[in-house]
Amino acid sequence: MRLTRFLAPPAIAAGFVLLWQGLILATGLPPFLLPGPGAVAAAVIAQREVLTGAALRTLAEVLTGFALGAGSGATLAIAMAAWPRLAATLRPALLISQVIPTFALAPVLTLWLGYGMAPKIVVTALICFFPVASAFLDGLERTSPVCRDLARTMGAGPAREMWHLRIPMALPLLGSGLKLAAIYAPVGAVIGEWVGGSEGLGAVMIHANGRMRIDLSFAALVVVTALALAFHAGISLAVRRGLARFG
Amino acid sequence: MTAAPVLLSGTVRMGARTLFPPLRLELAPGRWTALLGPSGVGKSTLLRLLAGLPIGGTFEGRVENRPPVALMAQDPALLPWLTARQNAALGARLRGEAADRDRLAAVLRRTGLADHGDKPPAALSGGQRQRVALARTLMEDRALVLLDEPFSALDARMRLAMQDLAAELLRGRTVLIVTHDPAEAARLADRIFLMTETGLTEEVAPACPAPRPPADPAVLACQGALLTRLTEAPACA
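The listed protein sequences correspond, in order, to chains A and B.
For the first sequence, our numbering gives the first residue as 1, with consecutive numbering after it.
For the second sequence, our numbering gives the first residue as 1001, with consecutive numbering after it.
Keep in mind that the hints are not guaranteed to be accurate.
[What the hints assert, rightly or not] Computed footprint of chain A on chain B; a stretch qualifies when at least three of its residues, placed anywhere within it, have a C-beta under 8 Å from a C-beta of chain A: (1) 1047 to 1058; (2) 1070 to 1077; (3) 1081 to 1093.
Hints listed in this document are in silico derivations from the structure and should not be mistaken for laboratory results.
Idealized CB from N, CA, C, for every residue including glycine.
Required output: the full structure, derived from the provided sequences and hints.
Here's what the structure looks like:
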């Protein structure tokens, strides 16, 4: 079981690369439409300095945006759980904020905030906000009724009940929300980079496409994927460590 | 501890349905009162009214002389991230007070948990967890203790042991125990009320002091009489 768990991801990756190469061999697509795995690997190595710089920039946006989005999402969830009337008022607004496609907001944010890191961070934060707020609120609203009865008869105030009972009990759902947000966060940063600015992996992809450097575009895509997987793995590990303490 | 008896009188409606007709329940100070009945007749709702907890319906009536209560239910509701000792002192934690360390140590000793204080609930057996819940109830040191089927999830041997322990440690307090087990009522209660759809009726409890031996003829007779009365009562729809 353990062995298959460790071997599965490399096996899937190898299968994917084989399929990719097979598709090129079977269809005879030219490299400027679909470069082979070898060409992309060569581009990753040749452009490693550009890609490393871009990846660090994207990572910085992902980390900041994730922290802001998850932090404000968790804060709002606590506020909504503490004041049910606030929750009733904000629930529709929260949903509406989520059905607006982030793609549509990115150009506006670039117009407002310029071509620096700010609009990318905001797009990432917006994407991370909802899964965290929604999952955490779900957890906070499902505190075990027996425990809430106990807290009431013990004379606990709402603030202490929240801190000692409801928040610790909702941590598993907060963890799920964080893991989900960690998957979306790099997408947010890349969308932001596509729309404006000249730095980050998204910008590298857009520029490479414009110059018909499809191999570089794919190389950036590979790096984005690796970055996203690594970020998700890091957040998952942190969540697991954190939850172990709250069994 | 309380001079005047706790008195509940009134009726509860759930929308158009009457959960129970007007009734009167008096808890004798310093005594154990058992509330026996089938599921769904509103026993737990009565207990929640006495605890001052919200109920899912409207209560028309009054509760007189209600002191602060301590609550213990079938689910020990221990917090998995706290140790047994911290769980026993949960009340102080939730009120932002420092727990009385000497009293905490004494309560853990009396509940047989002296060697288990540092363990998390996951490392305790079902019976030990229920002991922690009892220790937590004792730490609250309230005049009125409400027990909502506290031992019904335990196996027979553990249940008897916990009944003995609870009877000993809660002696002198006003206790209401909600149960669907006639044997439990017959062993522990000074007064026994049978609750059915038609209301409350008082049954005769054995005269000897609790906890009574399970095979005592008076206990067995009481248990048999309660069972008979329960089967006579109309089944809950």
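If any of the earlier hints don't hold here, list their numbers in rising order. Of the numbered hints, all hold.
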